[in-house]
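Asker: First to last, the protein sequences are chains A and B.
In this text, residue positions in the first sequence follow my numbering: the first is 12, and each later residue adds one.
In this text, residue positions in the second sequence follow my numbering: the first is 4, and each later residue adds one.
Honestly, the hints are just simulated from the structure, not real lab data.
Take these hints with a grain of salt, some might be off.
[Stated by the list, open to error] Dumping the calculated DSS-like pairs for lysine-lysine here, alpha-carbon to alpha-carbon at most 30 Å:
hint, chain 1, residue 1, chain 2, residue 2
1, A, K155, B, K389
2, B, K73, B, K84
3, B, K389, A, K295
[Unchecked claim] Listing some non-contacts, in silico: residues in chain A with all C-beta distances to chain B over 12 Å:
hint, residue
4, L40
5, K54
6, A136
[Said to hold, decoys possible] Computed spacing ranges between beta-carbons, pair by pair:
hint, chain 1, residue 1, chain 2, residue 2, range
7, B, P251, A, G180, 30 to 40 Å
8, B, T53, A, I124, 33 to 43 Å
9, A, S30, B, L41, 49 to 59 Å
10, A, R37, B, G30, 53 to 63 Å
11, A, R37, B, S294, 15 to 25 Å
12, B, K58, A, R204, 38 to 48 Å
13, B, E137, A, N277, 27 to 37 Å
14, A, I124, B, N181, 24 to 34 Å
15, A, P52, B, E393, 29 to 39 Å
16, B, P309, A, G18, 52 to 62 Å
17, A, G280, B, R231, 39 to 49 Å
18, A, R158, B, N181, 26 to 36 Å
19, B, K58, A, R296, 45 to 55 Å
20, B, P251, A, Q19, 37 to 47 Å
Since the structure is predicted, the reported quantities are computational estimates derived from the model, not experimental observations.
Ideal placement from N, C-alpha and C gives every residue a C-beta, glycine not left out.
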Amino acid sequence: MAILLSGQSRVIVQGITGSGGSFHTRRMLDYGTRIVAGTSPGKGGQSVHGVPVRNTVVECVEEFGADFSVIFLPAQFAGEAAHEAIYAGIKTVVVVPEHIPIADMMMVRKAAITMGAIVIGGNTAGIITPGEANVGIIPDIAFKPGRIGTVSRSGSLTYYVADTLTRTGYGETTCVGLGGDPVLGSTFDEILREFDGDDATKAVVLVGEIGGIYEERSVPVVKAMTKPVIFMVGGVFAPPGKRMGHAGAIVEGNLGTAQSKIEALNNAGAHHARTFMDIPNILKRLGI
Amino acid sequence: MRLYEFEAKKLFGEFGIPLPESRHVTGKDDALRASEELSFPLVVKSQVLTGGRGKAGGIKTVSNRDELEKSVEELFNLKIKGFPVTSLLIEKALNIDREIYLGITINRAEYKRSVIGSEAGGVEIETVADESPEKIQRIDLEIDDNLYSFQAIRLAGKIGIPSEEMRDFSEIALGLFNFFVSYDAKLAEINPLVLTRDGDLIAADARVSLDDDSLFRHPDLKEMGIERRHEEGELTPREVQAREWGIPYLDLDGDIGMFPGGAGFGIMGNDFIRYFGGRPANFMDSGGGPSPERIARMLILLDENPQVKAIFGARFGGISRCDDFAMGVVKFLKEHGLSKPMVVRMTGNMWQEGVKIFEEARRESPELFGNIEFHGIEVPIEEIAKRAVELAGETK
Numbered sequence: 012m013a014i015l016l017s018g019q020s021r022v023i024v025q026g027i028t029g030s031g032g033s034f035h036t037r038r039m040l041d042y043g044t045r046i047v048a049g050t051s052p053g054k055g056g057q058s059v060h061g062v063p064v065r066n067t068v069v070e071c072v073e074e075f076g077a078d079f080s081v082i083f084l085p086a087q088f089a090g091e092a093a094h095e096a097i098y099a100g101i102k103t104v105v106v107v108p109e110h111i112p113i114a115d116m117m118m119v120r121k122a123a124i125t126m127g128a129i130v131i132g133g134n135t136a137g138i139i140t141p142g143e144a145n146v147g148i149i150p151d152i153a154f155k156p157g158r159i160g161t162v163s164r165s166g167s168l169t170y171y172v173a174d175t176l177t178r179t180g181y182g183e184t185t186c187v188g189l190g191g192d193p194v195l196g197s198t199f200d201e202i203l204r205e206f207d208g209d210d211a212t213k214a215v216v217l218v219g220e221i222g223g224i225y226e227e228r229s230v231p232v233v234k235a236m237t238k239p240v241i242f243m244v245g246g247v248f249a250p251p252g253k254r255m256g257h258a259g260a261i262v263e264g265n266l267g268t269a270q271s272k273i274e275a276l277n278n279a280g281a282h283h284a285r286t287f288m289d290i291p292n293i294l295k296r297l298g299i
Numbered sequence: 004m005r006l007y008e009f010e011a012k013k014l015f016g017e018f019g020i021p022l023p024e025s026r027h028v029t030g031k032d033d034a035l036r037a038s039e040e041l042s043f044p045l046v047v048k049s050q051v052l053t054g055g056r057g058k059a060g061g062i063k064t065v066s067n068r069d070e071l072e073k074s075v076e077e078l079f080n081l082k083i084k085g086f087p088v089t090s091l092l093i094e095k096a097l098n099i100d101r102e103i104y105l106g107i108t109i110n111r112a113e114y115k116r117s118v119i120g121s122e123a124g125g126v127e128i129e130t131v132a133d134e135s136p137e138k139i140q141r142i143d144l145e146i147d148d149n150l151y152s153f154q155a156i157r158l159a160g161k162i163g164i165p166s167e168e169m170r171d172f173s174e175i176a177l178g179l180f181n182f183f184v185s186y187d188a189k190l191a192e193i194n195p196l197v198l199t200r201d202g203d204l205i206a207a208d209a210r211v212s213l214d215d216d217s218l219f220r221h222p223d224l225k226e227m228g229i230e231r232r233h234e235e236g237e238l239t240p241r242e243v244q245a246r247e248w249g250i251p252y253l254d255l256d257g258d259i260g261m262f263p264g265g266a267g268f269g270i271m272g273n274d275f276i277r278y279f280g281g282r283p284a285n286f287m288d289s290g291g292g293p294s295p296e297r298i299a300r301m302l303i304l305l306d307e308n309p310q311v312k313a314i315f316g317a318r319f320g321g322i323s324r325c326d327d328f329a330m331g332v333v334k335f336l337k338e339h340g341l342s343k344p345m346v347v348r349m350t351g352n353m354w355q356e357g358v359k360i361f362e363e364a365r366r367e368s369p370e371l372f373g374n375i376e377f378h379g380i381e382v383p384i385e386e387i388a389k390r391a392v393e394l395a396g397e398t399k
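Could you put the whole structure together from the sequences, leaning on the hints where they help?
Answerer: Below is the structure:
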C-alpha cells in the first residue's frame, strides 16, 4: 500500500516534449512508472521515448484512462496546465516548476477542492512510492520500499530523510514533496491524513522549515493522527527571514520561526529529530 | 518585491485613490522648483525600500524655503537601514483630523485575500494588533471573490468613519482592492489614510509589495522602471558579487563555507554545523539545475572569503544533476584552484557520471585534488558535517 501514487497510477506528463519533461520522462519510465501519455499542444500524434503525445489532457483521460499528472512547464503556464488537468478529471497533479504566481496557485487550489483533486507543489521534487512509481525529479538512489511515510517542503531534505530510512532498514511507503513556493497546492494536513489511512505506513516523518505557517497549521491533524509523527525543522540558526509585510504579520502573528514550529509540533505530541540520524533512533524508541 | 512610495502612489492614482498633491525629485534644484509649484507647508519624504523611515528621521515637515533647503540636504545624506536616500517625494502637508489604516494582504494559510481596516492609523499596525486587537477589523475574501461596496461600508462603520465619508471610503477600498488584484500584489497598505478637517479622505502614505513571480504579466511596470528588485539594505561585497551571479547568498559570522544543493538543505545544513559545534560562514542556495559555471562561482565565493577555514559540500542530485555538479567543481579546480580543505558528498541523479568526471580529472591533474575529501552515498551526511567542523578546527 501507499498513498496518492502506485504502480497502477496512469500518469501523464504535461510538457513532455520540453527538455525537462523529456529528460525526466525517461527517468520515470526507467523506474517503472506507468506513463500512459504526455501533452504538448500542437504536437499531438508525436511520441517521446515511446510515450504517445496528445494536444490536451482530456484526450489522455479519454484514450488512456489517465488519472495522475506531472507538469513540466514554465511557471507562467503551470497554473493554466493544472486547471486543465483538474477539469479533465485528473485526481492528483504534481507541479514541478517553481515561482508560480501566488494568485494562480490559489485559484488552482480552489479548483482542486471543487473537483476533488489534490495538487502538489509548485516547486516540488514530486512523489515517489519506492518500488512502484516515481513522479517528478526525485533521484531514486536513496529510496527502498518500506514502512515510513515522509512529507517535506524541500526536495533535498526528502532525499536525505529517505537516505537515512533506507540505510537503517526502515524504507519508505511514499515520499511527498509539498514544494518550496510560498503558496502551495497542498499543505501537510492533506498528506498526513492520507498517511493515517494507509495500513502500510507505520509512522510519518514531517520535514518543515522556517517561513510560512503550514507547520503550525498542521497541529490539529497531527494531534488526531493514530500514528506517530516525527518532525524536523530547518532554520533554527537562520538569520531572521523576510516577512510579507505588516499586514502579513498580522495574519500570521508571531508564527513562522523555527522555534514556533518546533514548539507547536512538540505540543501536538510529535517527536523532534534534530538531525536525520535522530529519526531511526526515535523510531526504535517507539518500538517501530 | 517592494515599490517606492512614489511608484505605489502613481499606481494608486490610476485606481482613483485620492492623494496629496506632490512632486518626485532627485536633486535639490528640483526640490526648490517643486516648492514653487506647491505651497508651504510641505512634507519631504525619503524614498527608500524599507519601513521605519519616520523613526529614522527620513520625513521632514518644512514651512519655508530655508527649511526645505536644509532638510533636502540632510535627507540626501541619510541612510535608512542601510538604504541610501536617492530621491524624495515632496507633498503638500495635510490638515489632519484623524488617521485610519487600510490594507490588503494575501492570507496564505487560508488561501484568501484579507482586507484589514483600523481606527488606529499612523502607527505600526503590528503594534495595534498586539496591544489592542479589538481595533483591527478584517474581511476575508475567497480568491475569486470581489470586494463589494456593502462590505466596505460595513468596514467603514466598524472603524468609526462618519456616515458622510463612508461612500468615499468605500471607493478607496474598492480602488485599492482592484489595484491589488490587477497588479498581483502581496501587500497594499494606506497608512495613514487621512481624514482631513475639510472632510476629505486622502492616502498620505502608500506601501506596496508585489509578487515577483507575476511581473511577466505587467509589462507596463517595466515601462515605469519597475523591474525585479531586492529588498535588503546594505550588502557585503561578497553578497553583491553573488547577486550579480544570481546566487542566493548571505554572509554569516562563522568559518565553515557552506556549499549545499538546494535551499532546504542549505538551511538545515547550517543547523547541523551548529549542532556539531561549528559555525557556518554563509548561507547559500544553488537554485534548481545549476550550470557548471554557477557551481564554480559558488566555490569562488567561498575560497576567496578569508573567514572560511574549511568547506562543507553536499550535492544530492535531483533536478540538479551530479554530472553538472562535478563539471563545475573541476572547472573551479582548474581555473581557480582550491586553497582550503573541503569535504564533499555527492549522490543522486547521474552520480555515476559525476564520479567518472572527478576520476578522469584527478588522473589528469592529481595535484588539484590535494585539499578535497570525496564521499558518496555510503557515508551519512552527518559524518560529512562533523568532518567539516573538524577540518575548520585543524586549520585554526
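Asker: Indicate, hint by hint, whether the structure satisfies it.
Answerer: Taking the hints in turn, this is what the structure says about them:
Restraint check for A/K155 and B/K389: the C-alpha separation of about 26 Å stays at or below 30 Å, so the hint holds. Between B/K73 and B/K84 the CA atoms are separated by roughly 22 Å; this keeps the pair inside 30 Å, and the hint holds. Taken as a hint, the B/K389 and A/K295 pair is honoured in the structure, with Cα atoms around 24 Å apart against an allowance of 30 Å. In this structure A/L40 is separated from chain B by more than 12 Å, as the shortest Cβ-Cβ distance comes to about 15 Å.
The non-interface label for A/K54 is consistent with chain B: the shortest C-beta to C-beta separation is roughly 23 Å, beyond 12 Å. For A/A136, the requirement that its beta carbon stay farther than 12 Å from each beta carbon of chain B is not met, with the minimum near 5 Å. A hinted range of 30 to 40 Å holds for the C-beta pair B/P251 and A/G180, which are about 36 Å apart. For B/T53 and A/I124, the hinted distance range of 33 to 43 Å is satisfied, since their beta carbons lie about 38 Å from each other.
For the pair A/S30 and B/L41, the beta carbons lie near 56 Å from each other, so the given range of 49 to 59 Å is met. Look at A/R37 against B/G30: about 59 Å separates their beta carbons, and that is inside 53 to 63 Å. The hint said 15 to 25 Å for the Cβ distance between A/R37 and B/S294, and at roughly 21 Å that hint holds. Hint check: B/K58 to A/R204, Cβ distance near 46 Å, so the stated range 38 to 48 Å holds.
Range check, B/E137 to A/N277: Cβ separation about 31 Å, and the 27 to 37 Å hint holds. A C-beta distance of roughly 26 Å is found between A/I124 and B/N181, which places it inside the suggested range of 24 to 34 Å. Our hint of 29 to 39 Å for A/P52 and B/E393 is violated, since their Cβ atoms are close to 55 Å apart. For B/P309 and A/G18, the hinted distance range of 52 to 62 Å is satisfied, since their beta carbons lie about 54 Å from each other.
A/G280 and B/R231 have their C-beta atoms about 43 Å apart, which keeps the hinted 39 to 49 Å range intact. At about 53 Å, the beta-carbon gap between A/R158 and B/N181 misses the expected band of 26 to 36 Å. Between B/K58 and A/R296 the beta carbons are some 51 Å apart, a value that agrees with the proposed interval 45 to 55 Å. A beta carbon spacing of about 40 Å between B/P251 and A/Q19 agrees with the range 37 to 47 Å that was offered as a hint.
The structure shown violates the earlier hints numbered 6, 15 and 18.
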